[in-house]
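Chemist: Now for the letters of each chain:
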Amino acid sequence: MDYAFFQAYWWFLVSLLGALLVFLFFVQGGQTLLYTIGKTEQERTMLVNSLGRKWDITFTTLVTFGGAAFASFPLFYATSFGGAYWPWMLLLVCFVLQAVSYEWRTKAGNIFGHKMFETFLFINGFGGLILFGIAVGTFFTGSDFTVNKGDLTQLAMPVISTWHTPWHGLEAVLNVRNLLLGFSIFFLARVLGSLYFINNIADDMIVKRSRKQVLRDAIAFLVMFLPFLVWTFFSQGFAVQPDSGVVFLEKGKYFFNFIQMPLVGLLFLVGVVSLLYGIFLGAFSKSSTKGIWFAGIGSVLAVLTLLLNIGYNNTSFYPSIYDLQSSLTIFNSSSSFFTLKVMSVVSLLIPFVLAYIVYVWRVMDKKQIDKAEMDEDNVKY
Amino acid sequence: MGTLDLSIIDWSRAQFAVTALYHWLSVPLTLSLGFIMAVMETLYYRTGNEEWKRMTKFWMHLFAANFVLGIAGGIILEFQFGTNWSNYSWLVGDIFGAPLAIEGIMAFFLESTFFVVMIFGWNKTSKGFHLVSTWLTWVGATLSALWILVANAWMQYPTGTFFNIDTVRNEMTSFSAVLFSPVAMSKFFHTVTSSWIVGAAFVIGVSSWYLLKKRNIEFSHKSILIASVFGLAGILLTIFTGDSSAYQVAQKQPMKLAAMEGLYHGKNGTSLIAFGVLNPEKKVYNDSIPPFLFKMSIPDGLSWLAYHHLHAFVPGVQDLLDGSYLLTMANGEQIKPLTTDEKLTFGRMSHQAMIDYRLAKKDKNDSLMSVNRAIFDATSPYFGYGYVKTKTQLVPNVPLTFYAFHFMVIFGGFFLLFFALLLYFRRKIQNMKWLLWLGIFSIPLAYLTSFSGWIVAEVGRQPWAIQDLLPTFAAVSNVPVSSIKTTLTIFVLIYTVFFITIVGVMTREIRKGPESIK
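The listed protein sequences derive, respectively, from chains B and Y. Residues in the first sequence are numbered consecutively from 884, following the working numbering. Residues in the second sequence are numbered consecutively from 6, following the working numbering.
Simulated from the structure, these hints should not be mistaken for lab results. Cβ atoms here follow ideal geometry from the backbone N, Cα and C, with glycine treated the same way. A few of these clues could be false.
[As the list claims (entries may be wrong)] Which bits of chain B does chain Y cover? Going by a derived footprint, with three or more residues having C-beta under 8 Å, they are:
1. 953-964
2. 978-989
3. 1033-1040
4. 1241-1250
[As the list claims (entries may be wrong)] In silico DMTMM-like pairs for lysine to aspartate or glutamate, Cα to Cα no more than 25 Å straight-line:
5. Y/257 / Y/338
6. B/1091 / B/924
7. Y/396 / Y/15
8. Y/132 / Y/15
9. B/990 / Y/520
10. Y/129 / B/1054
11. Y/394 / Y/292
12. Y/523 / Y/223
13. Y/490 / B/1054
14. Y/367 / Y/520
15. Y/394 / Y/327
16. B/1032 / Y/83
17. Y/396 / B/1034
18. Y/129 / B/1259
19. Y/62 / B/1256
20. B/1263 / Y/520
21. Y/341 / Y/371
22. B/1032 / Y/371
23. Y/272 / Y/248
24. B/1169 / B/1248
25. B/1032 / B/1206
26. B/1032 / Y/361
27. Y/132 / B/1258
28. Y/517 / B/1258
29. Y/58 / B/1206
30. Y/517 / B/1054
31. Y/348 / Y/292
The whole structure should be built from the sequences, with the hints applied where relevant.
Modeler: Dropping the structure here:
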């Protein structure tokens, strides 16, 4: 197993974390539906408590995604976070607001009232997802930065990564394709949120409204995602000459990546079909609560394969449109061979982590949330 | 290319300090209260006594309110390395990133998964599984502390690494050297055990208030007993690990030690300042103004603390910057460390070697490349000195470091006495109003003592982000100052709202008391 193997392996792990994160964004999606699906205070309490048993897994996945990106691709971490300062910072603000909201919302001593913390949950759901989608959109559309390691010895300006717009990342909001992806993630998360409610809550009205909502958000998702996908497949992609490492523009690069990596392409298709089937179960089935699993697995596969698409097959995953040759690939931005190997040993823990999360999830969700549970004077959010 | 706006450094540091401070409002209580309530739940599990369950649940409510505050603060700290310290992230991400990733995989998932069971699982899981979940939440929090402190220790003592001239960054050569570095071990045990004092003080303070109000008497006595034993163990271990921390500082960061003691001129057999007032007129390290207006000291104390040898020479700020001296080690051996002038020369040589190496590489001049590589490899441990323009840049804020250190030590002594008194008087404290009031005031005192420890650690190591390798002024991101000021303002506003809320939530929970738990 050589250096390139471990670079690919870590890109896979980071992509997997990103894909799991998008699935777990059902929490954020659900947060934006509190007042759409919950019409009474009690219904909203059920929704909040249902999401409240999962929010910290999403949060932890985001933090681990960041940590893994830092450890395995530090040049990306330095360039993107230090350059596209504003979208990342605002995204973090959205998550900071979420962290305390479940716990403090209905506590007696909360002098700001529950509405404020519900607003925080909405901001997290809306802002957090749109910003995340826009930030990931730049992986396909490129950003304005340069990397010059020689600058390290320039005493007056030793910073090696430079962003070349005064907006420090906010300019990405003006790119239609980034926006399309931002809203795709937003509506996908709402679809997943509704499907999760159908699965997790035993209440006829909530389930009925959730089924309606699945369809509405699924249409909005498709309206946003299909143009993004077609545009991305047939526009120019950021390709890399394998021998020289020179980056160049290639039309249809992302489409051909799926053709040239048929397994990845096939899994992408399986993901899309599974997602659509999950949506179908959620919107049209009378009794099935399994939509979340099909849509969830579908989203994980689709996001995973899209991220593998831009990392593998001589592609730049974080391109610069200001200076093509500053674009980042999994080879020029990764940690050293030694560090990747050490961390790969640690990564063997991941199946155990996933196993105990699944086990705990099953134990805690054995019984669906219902009104009776909320009426018991037990611990609740 | 332009010139870096130097106020970026101050604002980036301010933002990091403020967010770290808020984060640290929560962390020590999580590390300690987690243990106390796990002990209580274990007693419930073993005896079946519902009173222990009620106590566990009461402290767990307060734990949960505090825990989420820590999560809110923690995420910013992690990503801030990228957003505000991008040069740092690239230069040392190969080493520093690994513990952060491992922290996520190993600790955060454990904490967050079992936290949910702990809070919501009382009626959904077996007694045994619930107890295990409570312990695992605490284990997860402590493991998280381990990894982040390993990362922090590496910044203070960069070991198990080499500077790769080809990739222009530091790369890990030994994971075990990073994980088991003596600084990491002292730092982990010192930080965790000192955090126990915060939780102990918190439980004692709340229980003292009940005793003053003459309510929840039995609950309060039991809570105080458990917290005092835990607190006493915590402070004894803190003193022990503090001694080894100070020993490590003396070896690896002598400038920090000099600042902690306000020591400008060392001598054989240096005394330890027990209490002192610094002279505010002293502005520059090499002026002739005496550093103290008043001081009380313990003869030869610092020599013993720093080198475990009564007559050892402890260098002061001026010795470190302008002089050369001999260090006597614990075994009596004498060594002559590099002078600052030599380090500055090496720093500049390493910068020049890197420039020349890169030029030679471009020209494909192999012999010139190997010459410069050899120079670089020999001098790169002092790479950071290449950024230093004047020696005064190498002196941390002495008054802040000095007072924080002495505050920490004096109140460490106070807590030793305090926990011992509580254990000595046991149930008699019910009638000792002054001690109960002291119990309440011990809560803010414990936090302030804990904060002062961090001030010593982080202010005392300035200007270094990574000791000798990277000063803060070469570690930042080139982000407009106005942006950093804006994000800092946003964080201060949010955290202020959070602070007000958590004080309100906790006060109400405490007023309601354990009798409200069903």
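Chemist: Enumerate the violated hints, using their earlier numbering and listing them in ascending order.
Modeler: 8, 10, 14, 21, 29, 30
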